[in-house]
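Chains as they are written, first to last, in this note's numbering: chain A, 80 to 389; chain B, 2 to 352.
No wet-lab data here; the hints were simulated from the structure.
No experiment lies behind these values; they were computed from the predicted model shown.
We treat Cβ as the ideally placed atom computed from N, Cα and C, and that holds for glycine.
A couple of the hints might just be wrong.
[As the list claims (entries may be wrong)] Estimated spans, in silico, between C-beta atoms of each pair:
hint, chain 1, residue 1, chain 2, residue 2, range
1, A, Thr-376, B, Leu-268, 54 to 60 Å
2, B, Gln-160, A, Ile-215, 28 to 34 Å
3, A, Pro-213, B, Asp-109, 41 to 47 Å
4, A, Trp-144, B, Asp-298, 33 to 39 Å
5, A, Thr-375, B, Thr-318, 56 to 62 Å
6, A, Pro-180, B, Glu-200, 51 to 57 Å
7, B, Gln-219, A, Val-212, 47 to 53 Å
8, B, Gly-251, A, Leu-325, 53 to 59 Å
9, A, Thr-375, B, Gln-219, 34 to 40 Å
10, A, Pro-231, B, Glu-311, 37 to 43 Å
11, A, Val-122, B, Leu-268, 53 to 59 Å
12, A, Leu-127, B, Glu-303, 48 to 54 Å
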Amino acid sequence: MSSNPYSAPQLPDAHSSDFQPALNKRYKLDRFFEFLTWIATFVGLLVLMMLLYDVISDGASRLSWQFISSFPSRRPAAAGLLSALVGSIWLLCVTAILSFPIGVGAGIFLEEFAPDNFFTQIIEINIGNLAAVPSIIYGLLGLQVFSRIMRPITGGPSVLTGGMTLALLILPIIIVATRESLRAVPNSLRQGGFAVGATRWQVIRNLILPQAIPGILTGTILALSRAVGETAPLITIGALTFIAFLPPLSLEGLQTDFTALPIQIYNWVSRPQPEFHTNAAAGIIVLMVVLLTMNTTAVLLRNKFQKGRI
Amino acid sequence: MFLKRKSMNLFRYVSLAILVASVSACAGGEQTTSPGNGTDSSATNLEGKVAIDGSSTVFPITEAMAEEFQKANPKVRVTVGVSGTGGGFKKFCAGETDISNASRPIKDTEAEACASANIEYIELPVAFDAVSVVVHPENTWAECMTVDELKTMWEPEAQGKITTWKQVNSAFPDEEIALYGPGTDSGTFDYFTDAVKGEEGKSRGDFTASEDDNTLVQGVEGNKFAIGYFGYAYYEENKDKLKAVGIDDGDPSNGEGCVKPSSETVLDSTYQPLARPIFVYVRKEALERPEVKAFVDFYLAEENRQYVEEVGYFPLTEEIYSKAQTRIADGKTGSVFPGGSTVGVKLDEVL
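Could you put together the complete structure from these sequences and hints?
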């Protein structure tokens, strides 16, 4: 290359010796990369398939209405996961009701209202850190604060205590998901809103949120899916293993002791009798059906809201 | 228009506040009424709640009892948690549970915690477990081992040094030992180290440890030169894949030579020193509630001992059961194992 800065820049020339098209080589690289991404996808799918095959071949024969509608028992054939399934559904509802408004609210504040100063930066860093805290730590917090100090309100290791603990656990994830979805909304939309005289609330309510809601919902449901599979914090707060009654469908139900699917599955896996291991496999299938139902809901909701997008 | 809208919002907020207030009022009201339910009911129509937590070893027995008790008394809510013997005692001594499952006696530090919270408890042995030492079925040499040999194999000094069977006994083959045992949080680990080494928790660290006994079963099953130990229920379920080692404690007075774990050898106390009693601890104050008393009576009743066997443990002798029942009747509190060790203790003598 010429060292003279005033000379005209040399355009790449197909005939010059500096440029080699090597089209074949570059297409090969293209295909190689495509192959790598294909492998990456396939590994994930393969693991999932193996897991599904293993669990279904072990547990499918045990699935029956009796299994879903019976309480735990010392006899593997009579045992069921009614209390665990209902407990998990209760937990899910309480966790969703508590974490969604708080998480989305915090996300909107941080993204749309908060000034960018020292304090908000501290808050942001801490939310990032909280998302990485091991779940058992939340369990310890839940045990001390929700189960012990707030006992008059929560009634000890109850559905409410479990729901609040899991809500704390997934709050950072929901906040981060909300912020990311809000950030993805083009700024011109906000400016357009302000330009025609809309208030901040009107801009957020009518312009920004409808665009961001599919992403927020996806993030929330994925976070809830994580909460459904958690065992450690629930065992720490003192969730039970044997329980042969259901929380009543009232406010009193919130204060009732509970067990959840992962706890019941863990208990069955650690039993000596092989029949209990079959029960555990069947329990895993039920848990997976719950999770798949949730993820399907997430996809359906997202598609529904996406239709209204600009 | 604006005014109207504002008042609408105000109305919304007020109704929300009322809703929140009524929710908390309901919650508060429920709290005060529930403890009263149990006290005034008759014995045949019991109501109330029995909260149990503790050891995973005792869990299957308590679960079986709770299941059957609840069938007979559908209005009583029995709940059983699994937070380990230590975790169970923490809740028990905080007054959060009525009964605590324990695979070992209460420790001095735990007893102090209970005492400082003014929690008095009655200690009840409910069954025997036999810590079973197991090897691969093709293992022909270790039919019988002395406690000293087990000590050589498992004591802390063996770490990194005792690596082959030949080092334990010159008649054994010169092959590497694969050791499998429960994790250090386990009551079985505590008991085994106490019985073999004479000091709780003193064990070599270079063995494959797992909190899940099924993993230990798989480990021993898959290696001809493996040896491991865990509760009897896991051996009983895997008799076709594992072989139990006979234990010789060198004391002819309780069974000469090698003794294998079985219901006979545990009950006539010849399977020593690896047969251990397991317990429930009942809060004395809770025992005044009829539903708790009924549950404890049910637990110790003669006709319900079949459940203990059904889940893979050994019922106690008649004598020990009747002594346990006397302890309830007399309201005798405290532990008969001041050091927290049950190794070599004869239950019918100390109770």
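Hint check results:
| no. | hint | in the structure |
| --- | --- | --- |
| 1 | Thr-376/A <-> Leu-268/B: 54 to 60 Å | 57 Å, holds |
| 2 | Gln-160/B <-> Ile-215/A: 28 to 34 Å | 30 Å, holds |
| 3 | Pro-213/A <-> Asp-109/B: 41 to 47 Å | 32 Å, violated |
| 4 | Trp-144/A <-> Asp-298/B: 33 to 39 Å | 36 Å, holds |
| 5 | Thr-375/A <-> Thr-318/B: 56 to 62 Å | 58 Å, holds |
| 6 | Pro-180/A <-> Glu-200/B: 51 to 57 Å | 56 Å, holds |
| 7 | Gln-219/B <-> Val-212/A: 47 to 53 Å | 33 Å, violated |
| 8 | Gly-251/B <-> Leu-325/A: 53 to 59 Å | 55 Å, holds |
| 9 | Thr-375/A <-> Gln-219/B: 34 to 40 Å | 36 Å, holds |
| 10 | Pro-231/A <-> Glu-311/B: 37 to 43 Å | 40 Å, holds |
| 11 | Val-122/A <-> Leu-268/B: 53 to 59 Å | 55 Å, holds |
| 12 | Leu-127/A <-> Glu-303/B: 48 to 54 Å | 52 Å, holds |
Of the numbered hints stated above, those contradicted by the structure are hints 3 and 7, listed in ascending order.
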